Amino acid sequence: MTAPAARRSAVESGHSFARRPRRRFDPSLLVIGPAVLFVLGLFVYPFVYGLALSFQPYADNELNGPLGSYMAFFGDARERLSIWNTLKLAVPATLIDVVLALPLAYRLRRPVPGQRVIAALFVIPMTLGTVLIAEGMLQFFGPAGWVNKTLLLIGVVHEPVQFLHNYLGTLISLLISDFPAVFLLLLGYASGIDPALDRAARTLGASWWQRTWRVTLPMMAPGVAVAAALSFVATFSVFPSAVLVGNPAGETRVIAFAAWQAAYEHFDYSEASAIAIVMGVIELALVAAALSLRAGGYRRLRAEAGR
Amino acid sequence: MSGTAADSPGGARREHPTPKLKSLRIRELTKWFADTAAVRGFDLEVAGGEFISLLGPSGCGKTTTLNCVAGLLEPDEGAIEIDGKDITRLAPEKRGFGMVFQNYALFPHLTIARNVGFGLEVRGIARDEIDRRTARALDLVQLGGLRSRYPGQLSGGQQQRVALARALVTEPPLILMDEPLSNLDAKLRLEMRLEIRRLHQSLGLTTLYVTHDQEEALSLSDRVVLMRDGVVEQAGTPEELYSQPRSLYVANFLGYRNLVPVQVGEIDGDVVRAATNGFRFTGTRRGALAVGGSAVATIRPKDVQVLASDPGRADTIGASIELAEFVGDGFEVSADAGSGQRFIARTVDRWSAGDRVSLRLPPERLLVFPTDR
Chain Z
0 MTAPAARRSA VESGHSFARR PRRRFDPSLL VIGPAVLFVL GLFVYPFVYG
50 LALSFQPYAD NELNGPLGSY MAFFGDARER LSIWNTLKLA VPATLIDVVL
100 ALPLAYRLRR PVPGQRVIAA LFVIPMTLGT VLIAEGMLQF FGPAGWVNKT
150 LLLIGVVHEP VQFLHNYLGT LISLLISDFP AVFLLLLGYA SGIDPALDRA
200 ARTLGASWWQ RTWRVTLPMM APGVAVAAAL SFVATFSVFP SAVLVGNPAG
250 ETRVIAFAAW QAAYEHFDYS EASAIAIVMG VIELALVAAA LSLRAGGYRR
300 LRAEAGR
Chain F
0 MSGTAADSPG GARREHPTPK LKSLRIRELT KWFADTAAVR GFDLEVAGGE
50 FISLLGPSGC GKTTTLNCVA GLLEPDEGAI EIDGKDITRL APEKRGFGMV
100 FQNYALFPHL TIARNVGFGL EVRGIARDEI DRRTARALDL VQLGGLRSRY
150 PGQLSGGQQQ RVALARALVT EPPLILMDEP LSNLDAKLRL EMRLEIRRLH
200 QSLGLTTLYV THDQEEALSL SDRVVLMRDG VVEQAGTPEE LYSQPRSLYV
250 ANFLGYRNLV PVQVGEIDGD VVRAATNGFR FTGTRRGALA VGGSAVATIR
300 PKDVQVLASD PGRADTIGAS IELAEFVGDG FEVSADAGSG QRFIARTVDR
350 WSAGDRVSLR LPPERLLVFP TDR
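These protein sequences, in sequence, are chains Z and F.
Here the first sequence is numbered in numbering that gives the first Met the number 0, starting from 0 and rising by one per residue.
Here the second sequence is numbered in numbering that gives the first Met the number 0, starting from 0 and rising by one per residue.
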């Protein structure tokens with residue numbers, strides 16, 4: 000009979016498919032060469048160089064061995080405070096951005112009238128860069144700027160509010176510059192959620208509040224974790240706005256500013272590198288925490304996607 | 000939810016539980032999307048315990064109608080009443096209907112048990128009662144063993160059973176189903192079809208079912224509503240629609256696949272003589288026809304008889320076989336009658352391409368309709 004024969008040959012060809020092809024160099028792999036060189040030259044090399052530099056302390060710090068630069072940083076209360084100053088900006092900025100972007104992204108996940116305009120408006124700050132935003136803020140939030148004028152006019156305050164050159168100025172600048180990325184990330188995530196889930200929950204009798212807590216937020220959680228992690232990394236390395244609209248001598252003396260001072264005011268590249276490494280470790284720790292929180296929910300969703 | 004009725008699907012029509020719904024009335028329902036009416040003047044009355052299908056091709060307004068009944072869409076005109084109470088503007092979460100979606104719409108972050116129990120949880124029902132009723136609903140769809148799995152770990156058929164259990168667990172007066180079987184493969188679809196009908200009967204449900212599959216609609220329903228471009232084309236029992244199609248559109252949708260444009264020659268009561276390209280037909284009149292006007296003659300493939308020799312009768316046409324397809328219980332052949340006129344026929348005999356045959360078109364099975372708008 001032909002049928003069993005055909006089946007057998009199918010099985011055999013299945014076997015030959017299963018067998019690993021002989022490893023041979025594929026010349027088309029060469030196209031990744033430039034990218035590899037780029038990563039090696041512009042990322043790996045500077046990183047390794049900086050890491051090595053951080054363990055080669057200068058001057059007085061040399062007496063404390065390879066960890067001298069780190070000991071100098073952690074031994075100085077003012078330097079240590081820069082970590083706290085940065086966290087005080089990065090954590091609230093991230094939380095506020097996520098809380099503001101989440102409902103907006105969820106609302107705009109399906110086409111609504113004017114969606115493109117609204118989305119474009121939210122994305123513009125991203126294209127401007129922090130310096131331009133800070134420049135704009137100097138006018139807008141200044142003692143004679145529109146914000147203060149409006150607040151005075153409607154009688155919320157009786158004298159101009161000090162928005163600039165302090166903690167608040169830097170926080171506002173971070174909120175503006177960081178919002179688009181958070182919004183776009185969440186928008187991408189939200190538009191991947193099946194709208195039928197919300198409708199199913201409605202027909203099952205769930206109120207708006209119940210749908211939000213039982214369906215929408217749990218579904219959005221993995222996206223929120225990623226957006227928050229990336230937002231945190233971006234805001235933790237805050238530098239221009241801390242200087243331009245903050246108070247870099249005091250409350251907004253952030254860790255990036257401490258590294259800059261070490262490098263360009265004290266010319267201690269080793270301590271500057273050590274500070275940069277400390278920065279990286281803190282960022283990594285928080286990203287790892289956010290992603291491990293996400294992992295639980297994510298595995299389940301991936302199991303579904305795998306089907 | 001007694002087990003005995005459930006065990007004998009299609010068995011004696013005994014002691015069906017009393018339906019929770021007395022009547023559903025849809026009156027003059029109209030829904031516009033931009034400047035096109037998705038549904039126009041839709042009327043339907045459903046009695047408790049009925050299984051009604053809304054049938055039609057995509058874009059005919061059947062799903063829009065269902066969504067209006069569910070409350071997910073707000074109609075522009077018309078009213079929806081349940082047991083005499085107007086619910087046209089009531090929010091879907093307050094209607095208490097059960098709904099089954101085409102893509103199942105299970106919550107991927109919740110276990111099967113919690114998916115099924117969702118409607119009970121949001122009603123604030125006590126935990127132990129939720130557990131009891133969830134377990135019973137899962138047993139009903141034969142998925143008792145999967146309660147702690149996640150939807151992603153289930154097959155499509157299992158997911159649709161869970162969706163069914165989730166919609167049933169709150170014991171809704173009305174079940175709405177939006178093409179629940181169209182994502183399943185052919186074998187599962189048949190299985191689930193029986194399952195749905197079994198549950199409908201044994202639980203005394205009232206069901207409004209949307210489908211584009213005529214076979215599904217005919218086999219499941221007590222009544223079928225065939226829609227076209229937002230309006231009802233014909234509504235009636237499956238038997239009525241099948242044997243008494245009111246229009247060419249209905250006929251074509253229900254399996255009249257052979258369409259022959261003809262010119263009406265002579266009308267004698269319900270008997271019509273018509274001609275095209277030198278062929279003469281005698282058929283049964285359907286609708287208003289004018290002598291000399293154009294019309295369409297139509298017949299089901301299974302009613303076309305393929306004969307080896309020309310019996311020399313008036314109702315036969317010479318043709319040659321073009322294609323013969325084996326379809327399990329016979330062959331489906333395509334025969335060319337010349338002048339580009341093709342007929343599809345169902346036969347038990349094996350024919351091969353090139354065979355000269357005669358096609359007999361029995362006058363009582365050949366329907367002549369006015370040309371479709």
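What the hints contain is simulated information worked out from the structure, not anything from laboratory work.
One should not assume that every hint holds.
[Unchecked claim] Reference excerpt, derived from the structure (chain Z facing chain F, CB under 10 Å, subset only):
#  : residue
1  : Pro91
2  : Asn147
3  : Lys148
4  : Asp193
5  : Ala195
6  : Ala199
7  : Arg201
8  : Gly204
9  : Ser206
10 : Trp207
11 : Arg210
12 : Arg213
13 : Val214
14 : Pro217
15 : Met218
Fair warning: this is a prediction, and the values are worked out from it, not measured in the lab.
Heads up, the beta-carbon is just placed ideally off N, CA and C, and yes, glycines get one too.
*Run the structure past the numbered hints and jot down the numbers of the failing ones, going up.*
1, 2, 3
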